[in-house]
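A.B. asks: Sequence:
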Amino acid sequence: MRLTEWTMEEQEQLIHFMTTNTWPYHGNSHPARELIEKTIEEGGYQSDEVKTFWVENEENEQVGIVKIYDLQDEIPLFDLRIADEARGRGFGPRALKMVAEYIFQLPEVKIRLEGHTRQDNFAMRKTFERAGFVKEAQLRQAWFSPKEESYYDAVTYGMTRDDFLKGTATPVIWDDGFNNNTKKDELNSFSEEFYTERLLIRAPRLEDAPKVWETVIGSHESLKEWMPWAQKMQTLEQTTTNIRQGMADFITRKNLRLYLFLRETGEFVGASELHHIDWDVRKFEIGYWIDNKFEGKGLMTEACERITQFAFEELHANRVEIRCDSENVRSRSVAVRLGYLLEGTLHKDSLSADGKRLRDTCIYAKIK
1 MRLTEWTMEE
11 QEQLIHFMTT
21 NTWPYHGNSH
31 PARELIEKTI
41 EEGGYQSDEV
51 KTFWVENEEN
61 EQVGIVKIYD
71 LQDEIPLFDL
81 RIADEARGRG
91 FGPRALKMVA
101 EYIFQLPEVK
111 IRLEGHTRQD
121 NFAMRKTFER
131 AGFVKEAQLR
141 QAWFSPKEES
151 YYDAVTYGMT
161 RDDFLKGTAT
171 PVIWDDGFNN
181 NTKKDELNSF
191 SEEFYTERLL
201 IRAPRLEDAP
211 KVWETVIGSH
221 ESLKEWMPWA
231 QKMQTLEQTT
241 TNIRQGMADF
251 ITRKNLRLYL
261 FLRETGEFVG
271 ASELHHIDWD
281 VRKFEIGYWI
291 DNKFEGKGLM
301 TEACERITQF
311 AFEELHANRV
321 EIRCDSENVR
331 SRSVAVRLGY
341 LLEGTLHKDS
351 LSADGKRLRD
361 TCIYAKIK
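In UniProt numbering, the protein residues as written are 1 to 368.
Worth flagging that the hints you see were computed from the coordinates, not collected in a lab.
Small disclaimer: the values here were computed from a predicted structure and weren't measured.
Be aware that a few hints might be false.
[Unchecked claim] Lysine-lysine pairs mimicking DSS-like chemistry, simulated, CA-CA at most 25 Å apart:
no., residue 1, residue 2
1, 97, 110
2, 135, 166
3, 293, 232
4, 147, 67
My request is simple: use the sequences and hints to build the entire structure.
C.D. replies: Written out as structure tokens, the structure reads:
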């Protein structure tokens, strides 16, 4: 058995395969030709992010197809489908092992491979297990079936690079001591969304990418004076990747990024972040930037006042800092208006945003 890469010259074979077999555990169990054609046209089967392979048996017959996507990420996903007449003959587990081998031998290192299925798709779940994948999650009522107009549980299986290289399948330890750390859990449980008179402040979401990107591009000249990350014009893809990281950091509590929106119109205003966090000391630093068209309206002061309140009341902060370049008058003004105390200035402490000059850093702080 082997995997053979699908090519655009094989559109008709792909359309025939997808429309003549049934897929009872997928959102669309009988996809129409027009849908497959549209997906092909939009790069849904072949692009920098997606590769598709035929699953071929020993007689070179096409018995299945596997689509691997998010190939630019460190954690690709896949969709494996075996033809009706070929099911139950062991092609699925063997194909999945080949997919893992392909992924983990790519020159760009991938740290894990994962896939999802409906909870009652026992054939696919057995395929995962026989290929060495480990059940990692069960999401309640997360899989909608349009045909039945019902929600089912979704199950996630994964294989790590380490397990692949060692030929092992390390099980998830479900009893991870969570219930023994109630007090700590309560301290680390807090709101992901709150308000001021004019603003909605919340954790980032992937759909924010276009708005954030447009703002960064539009405010590039003013941002690059103070922000090292704004020295070059970002692409939408770079902004999306950055938001993914921000979401991951929020979940793991490494950094708490917060986006600001006008309550009245939903317009994106700017961003703040509680970073350089020391959870043992309960110490946080507030960073922020704003769309230049909203400068001078007091919105960032309003946001930082609420974020400071959030830090002390919900994060149980003992200390909150604002650090900024001594020449960044607007940023210093925010700290002063909020009653932060200037504790000192570190001379020749850092480089300018463009990395060309030594600068002084002002440290403002509030304590519990």
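A.B. asks: Against each hint, give a clear statement of whether it holds in the structure.
C.D. replies: Hints versus structure:
1. 97 - 110: Given that 25 Å is the threshold and the Cα spacing comes to 15 Å, the pair holds.
2. 135 - 166: holds, 18 Å
3. 293 - 232: Holds, at about 20 Å.
4. 147 - 67: Measuring from Cα to Cα gives roughly 23 Å; hence the hint holds.
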